[in-house]
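Student: Sequence:
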Amino acid sequence: MFVLELSYTAPLERVDAALDAHVAWLDRQYAAGVFIASGRKNPRDGGVILAVGEDRAAIERLAASDPFVVEGVCAYRITEFIATKTSDALAPYRQRL
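Residue 6 in UniProt numbering sits at position 6 of the sequence shown; the count goes up by one each step and never skips.
The hints are simulated quantities; they were obtained by calculation from the structure and are not laboratory data.
Any given hint could turn out to be false.
[Said to hold, decoys possible] Beta-carbon label-pair distances, calculated as ranges:
{"no.": "1", "residue 1": "3", "residue 2": "88", "range": "15 to 23 angstroms"}
{"no.": "2", "residue 1": "94", "residue 2": "60", "range": "19 to 27 angstroms"}
{"no.": "3", "residue 1": "38", "residue 2": "10", "range": "14 to 22 angstroms"}
{"no.": "4", "residue 1": "88", "residue 2": "39", "range": "20 to 28 angstroms"}
{"no.": "5", "residue 1": "85", "residue 2": "12", "range": "35 to 43 angstroms"}
Glycine included, every Cβ here is placed at the ideal spot set by N, Cα and C.
Could you put together the complete structure from these sequences and hints?
Tutor: Below, the structure written as structure tokens:
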């Protein structure tokens with residue numbers, strides 16, 4: 001499992017200009033079963049995505065395809081973790097050591 005933390009690197013006007021394309025990209029990742037939660041940070045200086053994937057390299061490639069990255073308005077920090085405990089709703093994502 002991965003936590004993707006987005007930090008905006010451009011003014012919000014530029015972020016907002018790329019927002020529709022970013023949301024469409026998010027929708028595709030939800031449909032593919034890769035993303036399980038996402039949202040803006042408060043204060044609005046970026047966002048957070050909870051993702052599942054086979055390996056870090058695949059998640060890094062996916063993050064690089066985000067329209068926010070393509071447009072140069074955000075940078076990603078990716079943290080991999082082993083989800084050994086989850087809510088019942090996330091039981092399919094539990095991992096074993």
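Student: Hint by hint, note whether the structure agrees.
Tutor: Comparing the hints with the structure gives:
Evaluation of the 15 to 23 angstroms hint for residue 3 and residue 88 yields a pass: the beta carbon distance comes to about 21 angstroms. Residue 94 and residue 60 have their C-beta atoms about 24 angstroms apart, which keeps the hinted 19 to 27 angstroms range intact. Between residue 38 and residue 10 the beta carbon distance is about 19 angstroms. The supplied range of 14 to 22 angstroms therefore holds. Between residue 88 and residue 39, the C-beta spacing of about 22 angstroms keeps the proposed range 20 to 28 angstroms intact.
The hinted window of 35 to 43 angstroms between residue 85 and residue 12 holds, with their beta carbons roughly 36 angstroms apart.
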